[in-house]
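Which chain is which? The protein sequence lines are S and R, in order.
Counting in my numbering, the first sequence runs from 1 upward without gaps.
Counting in my numbering, the second sequence runs from 1 upward without gaps.
Heads up, a few of these hints could be off.
To be verified - In silico DSS-like pairs for lysine-lysine, Cα to Cα no more than 27 Å straight-line: (1) S/155 / R/216; (2) S/216 / R/259; (3) S/326 / S/516; (4) R/406 / S/285; (5) S/406 / S/103; (6) R/157 / S/216; (7) R/188 / S/259; (8) R/184 / S/216; (9) S/188 / R/184; (10) S/516 / R/242; (11) R/216 / S/259.
Hints in this document: simulated from the structure, not taken from any laboratory.
There are 2 protein chains.
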Amino acid sequence: MVLSRRRFFEELAAVGGLSLAMAGMDALGFGFSSAQAAPPTLTGKGKGTRVVILGAGLAGMTAAYELTKAGYDCHVIEARSFAGGRCQTSRKGFTDTDLMGHKQTCDFDEGLYINHGPWRIPYHHRSTLHYTKLFGVALESFVNDNDASYIYFEKGKGALAGKPVRKRQIAADARGYAAELLAKCVGKGDLDGALTPEDRDRFIAYLISEGRLSPKTQTYVGTDRRGYDIPHGAGVDPGPGKVSPPFTLTDVLESDTWKALASLSEFEQQATMFQPAGGMDHIAKGFERNVGHLIRYSTEVQKLVQDDKGVEVFFKGVDGAVGSVKADYCVCTIPLSVLKNIDLGVSPKFKAAMAGVSYAPVNKIGLQMKRRFWEEDHFIYGGHVYTDMPGIGSISLPSTGWQGQKGVILGYYAFGAEAARVSAKPPADRAAFAVAAGQKVFPQYAESFETAFSFSWHLAKYNLGGWAEWSEEGRATAYPVLCEPDGRVYLAGEHLSYIGGWQAGAIESAWQQIGKIHARVNAA
Amino acid sequence: MVLSRRRFFEELAAVGGLSLAMAGMDALGFGFSSAQAAPPTLTGKGKGTRVVILGAGLAGMTAAYELTKAGYDCHVIEARSFAGGRCQTSRKGFTDTDLMGHKQTCDFDEGLYINHGPWRIPYHHRSTLHYTKLFGVALESFVNDNDASYIYFEKGKGALAGKPVRKRQIAADARGYAAELLAKCVGKGDLDGALTPEDRDRFIAYLISEGRLSPKTQTYVGTDRRGYDIPHGAGVDPGPGKVSPPFTLTDVLESDTWKALASLSEFEQQATMFQPAGGMDHIAKGFERNVGHLIRYSTEVQKLVQDDKGVEVFFKGVDGAVGSVKADYCVCTIPLSVLKNIDLGVSPKFKAAMAGVSYAPVNKIGLQMKRRFWEEDHFIYGGHVYTDMPGIGSISLPSTGWQGQKGVILGYYAFGAEAARVSAKPPADRAAFAVAAGQKVFPQYAESFETAFSFSWHLAKYNLGGWAEWSEEGRATAYPVLCEPDGRVYLAGEHLSYIGGWQAGAIESAWQQIGKIHARVNAA
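Looking at chain S on its own, in the form it has when it is part of the complex (with noise of 0.2 Å):
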């Protein structure tokens, strides 16, 4: 399907070129989305042929919904008791016992949850809104970016370092300085040689548009959309307010602020974003209620042995019972991470292929708040504050439960060395981190922190890592070895995808795989 859709495009292309086959794309909706938006039609036979599914997460129950749909015969193998893999959601009751031995039981008021693994959804990613559509998950937006948002930035200098501010002085007075100084430059002439004389006219026409400048005198004066000093309001007081003042230039360069601007977001971070209603683990559920009962929980995988009648799979229950099962087929949806130290029965050049990824250190932790302080003190609705404080990487506002009496903020969402040293900490002491590092932003943390959950992923015993990170060599010598089959083994899961550490990776490789899988099953 992704081949014939993009041979159209070629073939449009080469008869009116590239914009003819944009517009072709953006004509058939194809231009913005992830790479399948649904499922292989698997047609033909597949009835009866067996396929063994390791892992219950995104990937694992996807290959399972889809080829039982066709016929296939599936068993799923889970070392969990529950299915989602990484699709997890904390709230009252979850426990987790980390590889450091730390035991924690998520005591979260009834309602309130982390979702301590995926817990964004573009509106790109098809695939995964494909699955919760049809599962019949009620979504609700995702506040990915927020104006009102602290930056707070402590290693900079001037004015501004070490203070939170608002995202949006940052914007404007940023944006605002730029653009007076570039409409400065094609004032002088600096640029005549890079605009036509009716360019340039727009493009001043643009600059105090986009910078808000003064139409006179090109200059950037403030604006009344940084915000307020003295809010307008009713009446002649206050009025209309006074507006605030804006920053200088160097207080904005010198702070490090100006780091958490874009000119637009990463294309996984757009609006509109969205999170189910109640958890993300809702996904996982939609799966599970359709293909629960093909799945062995509590189920480690030993072995995998495999010839070219089939393959077996090893595997011993936490109880302490063994087993195996035989197959046609194999989708192995295990993390190379843990897969790596599992006996599987592939070629050398498979073996060292998966040696040479590194799994990424997450770690994440849920602070359920007793007030909700950021909406009634700060007018802060969800989204993020964007720091440079060691180990916190960014905090997050929850969306949703708006003007509720309570709420569980993200408190640090942080990867590589900075998660492992603080998950390297007792529970209790990363919760102190995380306290005494959001008081600096807002002074009615510590007194409204009531209860934390943390969880990181490779300090998770079936994970050992929160994603697939590929380096540039990587991609081209071992990911392409691993997306093959290797005999009657095929992988799949986010890692073998370039939408790495997202569910719509693990969704679509999966989707990808089965497909070849049947392609297979159709040819012999």
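Dock chain R against chain S, hints included.
Below, chain R without anything else, positioned relative to chain S:
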């Protein structure tokens, strides 16, 4: 309360300069709210004082609610058969007959609606949010800015004229080229006088980040943030996909599409934006549950007389019955456009002030579509289509009912002469006009259209316009007159605020005026 707050900040500024005052405001959480966050505290005597309130819109019901709580004896007169004023929602069965005699009954499917009056609540409109919280009105976030939205400008020139293009493409390209040009000027030394050497390096780093420039060449060569021609996905095909190439700067400029950009939205339009789940009139209903028993519905005010003892309001029911009510004070929330034709016993100066205010023609149309093609085919979830098509203003997609079957599009939202021209047509022709325009952006428009409901505020008998439009001169001369009472008559409404056209303006104006009445009662 506003005064003491202001005084506090002035003292802070006197002691430590503006930055201390600003820090104080941020610390106290006042920096970015609308003027008033809570109703005035009406302690002292109020009991038994009679207040007649003209109009059961948000200003009138705010006055009735707060005064009644303080022991006042309130009587509300409302011309319509329902409360809410402009806070209305059209859903199945809602009827309207406009001043041209066009009668419509809304025939949207159950659960579908359009807010033909106010439809958005900015996060900093704390007064509105005070009542949504108080009355338990559930909020959901309103997608007011959508990177995937189309910009459709047909009056410009060049390759992008008359073509829907994604907002994110224009944002990335315009800002990317601008950053490149500015980096070039900085590199050539054109701005050496304006930037210190240290700022210069940081500024270049900012431009690279903001414009997504190549760090080496400091040129804009496009970015994956603008989207993909072949979306990235699983495996090696599509694998990394193919990033869409940038438009030329000339194409962006000539097409006028840059007009849809700004460094930052207007203060009232910034994220996070809200809407009540199920319709804006849930706010009206919240008030009505509390003060509905005080309202005399379907009753037009005929005349008001006052002396130094009190006021008497003469009214006529739609059933023809006439009567009057006497009170100590009057809070009059009738729009000036309507009020100036009522025999109001006020001073010539006050009358003259009322006469000088014009009201905006404003119209909206809801178009029920049998399929959410904007989501399914175009991957646009909420937000607005920006266009220069005459009479359209903007097209907006619903921020609710994600992934459902049907939805109601706001087919136009236009002001001024253009709005007047379109609303002069019969309702069916308005719908045909809106569908034909939308068809240029979405090819699925006409085939999906089912039923329409349009509303023209300038053709609404009890409004005669969407909101007050103050000229600079009017603000300087008439406005202060109308903000003060004339005898025992106090005006209130969005027209007596600098948050015109927003519910917060109505509420805060009412808060201010009842505060004045209460001070007078207590001073007496």
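Consistency of the hints with the structure:
In summary, the hint linking residue 155 of chain S to residue 216 of chain R is supported, as the alpha carbons are separated by about 25 Å, within the 27 Å threshold. Between residue 216 of chain S and residue 259 of chain R the alpha-carbon distance is near 18 Å, which keeps this suggested pair within the 27 Å criterion. Distance check on the hinted pair: residue 326 of chain S and residue 516 of chain S sit about 20 Å apart at the alpha-carbon level, within 27 Å; holds. Pair hint residue 406 of chain R plus residue 285 of chain S holds up; C-alpha atoms about 26 Å apart against a cutoff of 27 Å.
Between residue 406 of chain S and residue 103 of chain S the alpha-carbon distance is near 25 Å, which keeps this suggested pair within the 27 Å criterion. For the hint pairing residue 157 of chain R with residue 216 of chain S, the CA-to-CA distance comes to about 26 Å; that is within 27 Å, so the pair holds. Restraint check for residue 188 of chain R and residue 259 of chain S: satisfied, since their Cα atoms lie roughly 24 Å apart, inside the 27 Å limit. Distance restraint check for residue 184 of chain R and residue 216 of chain S: the Cα-Cα separation of roughly 25 Å lies within the 27 Å cut-off, and the hinted pair is therefore satisfied.
For the given pair, residue 188 of chain S sits about 14 Å from residue 184 of chain R by alpha-carbon distance, which is consistent with the 27 Å threshold. Among the hinted pairs, residue 516 of chain S with residue 242 of chain R is consistent with the structure: their alpha-carbon atoms are about 23 Å apart, no more than 27 Å. Only pairs whose Cα atoms come within 27 Å are accepted, and residue 216 of chain R paired with residue 259 of chain S is accepted, the gap being roughly 18 Å.
Hint compliance for this structure: every hint is met.
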